[in-house]
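Chemist: Protein chains in written order, with my numbering: chain A, 1300 to 1714; chain B, 78 to 179; chain C, 1396 to 1598; chain D, 5 to 830.
These aren't lab readings, by the way, just hints derived from the structure by calculation.
Among the hints, a few may not be true.
As the list claims (entries may be wrong) - Straight-line alpha carbon distances no greater than 27 Å define the calculated DSS-like cross-link-like pairs of lysine-lysine that follow: (1) B:LYS178 x C:LYS1484; (2) B:LYS178 x D:LYS799; (3) D:LYS282 x D:LYS799; (4) D:LYS515 x D:LYS274; (5) A:LYS1354 x C:LYS1484; (6) A:LYS1401 x C:LYS1484; (7) A:LYS1457 x A:LYS1401; (8) A:LYS1401 x A:LYS1383; (9) C:LYS1486 x B:LYS173; (10) A:LYS1387 x A:LYS1401; (11) A:LYS1354 x A:LYS1387; (12) C:LYS1486 x A:LYS1401; (13) D:LYS515 x D:LYS712; (14) A:LYS1457 x C:LYS1484; (15) B:LYS173 x D:LYS799; (16) B:LYS173 x C:LYS1484; (17) A:LYS1354 x A:LYS1383; (18) A:LYS1457 x A:LYS1387; (19) C:LYS1486 x B:LYS178.
Here is what each chain is made of, one letter per residue.
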Amino acid sequence: MMLAAQSIAGFLEGLVGDTFSGWGIQHVLAAAIHAVLLVHAFALSPFLFIWLERKVSGRIQDRLGPTRVGGLFGWLQSLADGIKLVQKEDLCPPAADAMLFKSAPYFVCIASFAAFVVLPFSSGWVAVTADCGLFIILAVLSLEVFGIIMAGYSSGSKWSLFGGMREAAQMVSYEIPLAICALVPIVAAGSLNLGEIGGMQRGGIQNWFIFHDPFTFVAFFVYFVVATASCKRAPFDLAEAESELVGGFHTEYSGIRWSFFFMGEYASMFAVCGIAGILFLGGWNTGLGPIDELLYAARNNSVDSPIGSYLANVIGAFVFVLKGSAGVFVQIWLRWTLPRLRIDQVMTTCLKYLIPISCFLFLGATIWPLLLATATQRSSWTPEPLGARFAAEVQEAETTEAFERQALNDGEEIQ
Amino acid sequence: MIAGLQAYLLVGAVLFVCGVICMATKRNGIGVLMGVELVLNGANVNFIAFSKYTALGLDAQIFALFVIVLAAAEAAVALAIALNFYNNHLTIDVDKANRLKG
Amino acid sequence: MNDSNLLGGQLLFAIFALATCLSAVAVVVSQTVVRMAFWLVISLGSTAALFFLADADFIGAAQLIIYVGGTLILLVFGVMLTASSPYLKIKSSPGETIIGGLLGLLFMFAVFSSLQGVEWPAPPTGDSAVTAGSPEGNTLRPLGLALLGARPDLDLHDGDTLSTGYLLPFEIVSVHLLVVLIGAAYLARAKRKSAAPAEGLES
Amino acid sequence: MTGETLRNLLMTAWLLPLLGFAIEIFGGFWGSRKSRVAAWLAVACIATGFLCSASALVVWGNATGWRVIAHDEHHGDEHHGDEHHGDEHHGDEHHAADSDAHAAVNMKSRNDQATTIGMEPGNWVTTSVSADGNVADADHSHDAPTVYSGTLYRLATFGGLELTLDYYIDSLTLVMFTMVTFIATCIHLFAIGYMSDELTDEYVDHFAHLSDGHHVHRPGRFYRFFAFLSLFCFSMLGLVLAGNIFQVFIFWELVGICSFLLIGFYTERKSASDAANKAFIMNRVGDFGFLIGLMVLWTFFGTFKFGETTDLSGHVVEAGLFQMLPRSEGGDILLDEVSGEVLIGSMTAPNPENSSRTIPYSLLIVAGLGVFAGCIGKSAQFPLQTWLPDAMEGPTPVSALVHSATMVAAGVYLTGRFYPMFTQEVLLTIAYVGCITLFVAATIAVVATDIKKVLAYSTISQLGYMMLGLGVFGWGAGLFHLVTHAFFKSLMFLCSGSVIHGCHHEQEMPKMGGLRHKMPITAWTMLVGVVAISGLAIPGLVGLSSFFAFSGFHSKDAVVATALAFVEANPAHFLLFIVPLITAGITAFYMFRLWFYTFAGSPRDQHVYDHCHESPAIMTLPLLALSIFAAYCAWGGEQGPLYGLITGDQPAYIAHGIAGSVTLPGHDAVHEVHGTAGILAMLAAFSGTLVAWVLYGAGWINPGEIQKQLSGVHGFLINKWHFDELYDSVFMRPMHIVGKFCAWFDRTIFDGILHGAAKVTVVVSRWDRLFDETVVDGFVNVIGRATHSAGLSLKTIQTGNLRQYVMFIVAGVVALFAVVLTTFPG
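Model the full structure from these sequences, guided by the hints.
Modeler: Next comes the structure, spelled out in structure tokens:
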């Protein structure tokens, strides 16, 4: 594991000197700082989005929404709600399995939060740099469903149980097209590393992967629909369908545990939208070629001027958060506009339409570079054809290996 | 060295033994399955440990990957069997599945 | 793992190893199947964390998505589908539990003593072959190449054209998975044996 | 060309009835029971056959220049002219009548010449005429027998044995064809009327009773009757056309089958089916001899064919049976000097391979006797004559056919056809058999009261005459009598059928009488037949004698004259003349007795008389036609055209044998005694007629009193000389005794052995079972129980408890570990 914020670590290393260097204390401290930052981002984003949802729903329904708390636009309404929820009694129904009932919300929260660990906010601004970052995010997000099921089952209520069951079926099903659609831009990028993917889309809106080929263009919308469903947002919110199941899996919850579910939900909304931003919409890049180049240059000159690099990253993070928030806004917009589907329609949509479509898109995306190369007689149009990349990889590894082996043999002979 | 090879192997051993005990004592069929998963995970921990600390390297990881995949397959089939058993006997108690006793 | 990260690494290992072991014990001790599943999730998730710590990112992620996200949800499904009553408990007899426990302890002792008795080889100095040419934990590419049949770390030298990769096992496992999925779907299909004859009798 | 034309015409005449049979039997089965179509079809077939036969006769006559009837060109032209305007039915007979005067003049010289030719070396063999009609031997084309022979179809080849369908056409064949088809046509027509009561869906058979006493009701079998008639005609014609002795045998048997079917036509009547069985079985006795003869012939001659086989160029490649016995100049069969056996070889096809072959003389006799045995059966000769009277159970048209043209004629025909192969011993046997037969049958006929039975016995008697004639070297006389007899006997049978039909199936003569008033046509045509068979004629009146000398007179005259000549030459055999002479009287007596009984006098049974009536025209027209032929077919006697036709191709040589015990009378001798014999025979006939008139016609003497006075003789005759009883005691009873002995032997000895073996087997198997159950089973059971108990004791380990298995595994691992740890410490 590598703590990526090398700058902070280096800064701290200089601060504490060599005294504790053997302990690696500076890394621990850097990790703690980042964790605090992340937790706050994780905790604050739901507050923002819940307020946003209330205002947007109000506007869509021709109301004002919250106006009282916090002055203009009632922007402190979420805080007020939070305080209220914290103050509420932590109820546990007698029919419930107390331990599972109480621990289920943490599961949801932790899963959503864990997704933020590998989500890059800007170039280098990521808690953990991993080659298979996207894979880890998808894996971690899939854990969220376990908390929902746990909550539904342990509540001792049939509404909750139904909600849990629905959620389980829905999530397990929608994970498949989600992963496949996410793989479409991956084919274009050739990497699972989210940082690398984001960096590739530098230099103008035409370099965003959504415009890379027709399949990625369609894949974006499919991905967005599937992501909406995997966040159990309307019109796919069958797990908490009020008209049928009262509150679904969280019927029996109240107070802070209830709010944990919603923190998890809004956090994961932002997470999937952030992923969409990175995979399709250029990540932290602005989409304006010259500005992107400017920011890129500023970042790479970080050694000379840390401040410039830092500022460039701040701008990148702002752009990224803006893109994610726009996605969340669309999801909110959808929720208050579209009616809810039936559970069988939800499953039909996934299994009969979205999975075949995504499979077709994935297939098309793999064939597209070959077609394009054949049509234009230019192999350099795309970054690299898959076969060429593979061959190059092998060639590189072989030479390295041969060199190292040669060196090793030489060393042995010398000894 | 706390986090050395032996520590990993110890964790693997604990997982393995717990899985075996789980298989031996749980009357619920699903519980037995969970025991199996634990046992497989114990083995996987060992593989990963050998991957890191011995020359086994990448092969061990690939073995672990295969183990995971096959464990998933095993779980699917075992679960189907359990469901069938439940459909036929209206219970999941494996002690009731003794029709082949001598 | 760098020496400079020993503290964090060891600390994290201790935390997750403890979580793994305790949760495993909790799985054994729990009486309710759902609680067992709960503890199992924690145990397997912690194992995944251990994998991350052991520079096996991809395996860890696979463990999470396949085991925790897939297999265990399947198991919980099974629990729900086979539960004849809420929070079903099928208790074993105390004698069996005791015998099982004792046997487990004996087994543990046997494994532990053998662990102690073996002289384990010293870890290779420097970067292991696994992480050669890539940052630590980033075994994705070598794994992918190996599954495609190429082992740049082992073969394609000295005129050896025999691949030591895992293309064939990979394909076999893929087909095996497909077969198992179909077979499981067939096996789990509801047959409704008892309903059909009753209707026949009525009509 | 002539040969092919003849062959095609006769084949048409022969095969048409078969076609008719096939159509009738199937079409009738699926068609209406009330339809006469089958009958008309059968009539059409046989009538067409008759036309073909008659045409063939004309063709043959033209080809040979009518030399058998007339010797100069003038007569030949005249016949041609007659033939053109002549009626079909009477055409050839008109020739006969026209040519009579000329023929009578030339006959003697012709006969002399024929005899002379027969004696000339090298000319006694039958001359084969190739297919194109050219007579092979031009020098003798005028007088030599003209034979057309060839192969129609090869049935099979077994090694050297070649079974073929051959044809052998000479004048006898043609005469027989014409006679058979003509008579059959008449009988068919008659049968249409006679069998008309079968034209119903429910025929009530008053003579057949069910077990409950009711009459049998069955569908009418009109079509079947005519189908069988057609088959009968086909078989007979095939027999006549046959070119080899095996083919003769085939059709011989077919004739037997047909007679069986027709005699047993009323199969529901026990008497009818018994009679059919009897006829069939009696024939088999004769056929057994026939088969022996065939075997001998095949063994020593290697062929069955009558005639020679020629290749395309007309050269003889293989000799027929008739050419295989070389003769000396005197006509005797040649003997091998060394072996003393008869030489076999062909004179026309000198084959070195054949020249050295011989046959023992005794076996030659056996072959002849064997073939004649078949003829005995077929022609109801003593001692196999008993089936024929019983065969009266068949419908009367069948009787007519059987007794005149077909079945019984077949025997005589074969005897005549096979004449060259008979040695004089055989011929003597034939003569004596005929002699006995004619006397025995005639005596029985005297006392018979059933009208058909009388006719049946008369048939046997007349057949005896024929055989006698053949036996005393009168080839022409015997066959002459065959043809004439066929006409008048069929006439009489049809008349009796008309009577029976008119009297509603009353056959007993004592219940009739005076029927001439009711059925004049029948009565007078019958009288023609009676006169013909009695051989009556008015002597002395040269001009009118021709008109009052009916056919029977001429033919019987010929037979008696031949016999007399023979007896004169061989006085030891005087019986061969005395008995026929006496029997001629008896014949006249019983025939006139029949006629007086039936037609003359006053009705004895008023009921029968009241209900009887004349038959319809379809029945009487054949009677009229036949009566003309019965009267005048033999016009001219031995100088007439019919005799000429018959003897035209007479085998120029009659076997003399080698014994020389019999002196052969020449034709001159026969002619010398002809007048004497004729007068004697006529005297006998007249006396018989007179007695009959005294007894039955005028009624001066009551026959009943004579019957009482001679009751012993009467009883003996009524019982048919006790032949049935004789056979019963000689054959049946011993057979029963032997059978009983065999049954006893079977039941006691064979069954005893079998039962003993079975008992031994049972004992052995009991012991075996004991061994099996104790030792073998015990051993197996011990093993099984041991396995079972081992399984039982081990099954407790197999608890079926999944978790226990896991426990066992863990415990096993721990135990292993402990063992390893204690065994290898450190």
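Chemist: Does LYS1387 of chain A sit within 27 Å of LYS1457 of chain A, going by the straight-line distance between their CA atoms?
Modeler: holds (24 Å)
Chemist: Need the status of pair LYS173 of chain B, LYS1484 of chain C: alpha-carbon distance at most 27 Å?
Modeler: holds (15 Å)
Chemist: Can the restraint linking LYS1387 of chain A and LYS1401 of chain A be considered satisfied, given a maximum Cα separation of 27 Å?
Modeler: With Cα atoms ~15 Å apart, LYS1387 of chain A and LYS1401 of chain A stay inside 27 Å; holds.
Chemist: Run the distance test for LYS1354 of chain A versus LYS1383 of chain A: straight-line Cα separation, threshold 27 Å.
Modeler: Since the Cα atoms of LYS1354 of chain A and LYS1383 of chain A sit roughly 19 Å apart, the hinted pair holds (cutoff 27 Å).
Chemist: Starting from LYS515 of chain D, check that the Cα of LYS712 of chain D is at most 27 Å away, please.
Modeler: The hint holds at about 20 Å.
Chemist: Check whether the Cα positions of LYS1401 of chain A and LYS1383 of chain A lie no farther apart than 27 Å.
Modeler: holds (19 Å)
Chemist: Going straight from one Cα to the other, do LYS1354 of chain A and LYS1484 of chain C come out at no more than 27 Å?
Modeler: At roughly 48 Å apart (the allowed maximum being 27 Å), LYS1484 of chain C and LYS1354 of chain A break the hint.
Chemist: Is LYS515 of chain D within 27 Å of LYS274 of chain D, Cα to Cα?
Modeler: holds (24 Å)
Chemist: Are the Cα atoms of LYS1486 of chain C and LYS173 of chain B separated by 27 Å or less?
Modeler: Given pair LYS1486 of chain C, LYS173 of chain B holds - Cα atoms ~13 Å apart, limit 27 Å.
Chemist: Within 27 Å, alpha carbon to alpha carbon, are LYS173 of chain B and LYS799 of chain D?
Modeler: holds (18 Å)
Chemist: Quick one, are LYS1401 of chain A and LYS1484 of chain C close enough, alpha carbons at most 27 Å?
Modeler: holds (20 Å)
Chemist: Are the Cα positions of LYS1354 of chain A and LYS1387 of chain A separated by 27 Å at most?
Modeler: holds (24 Å)
Of the numbered hints given earlier, the model fails hints 3 and 5; all others are met.
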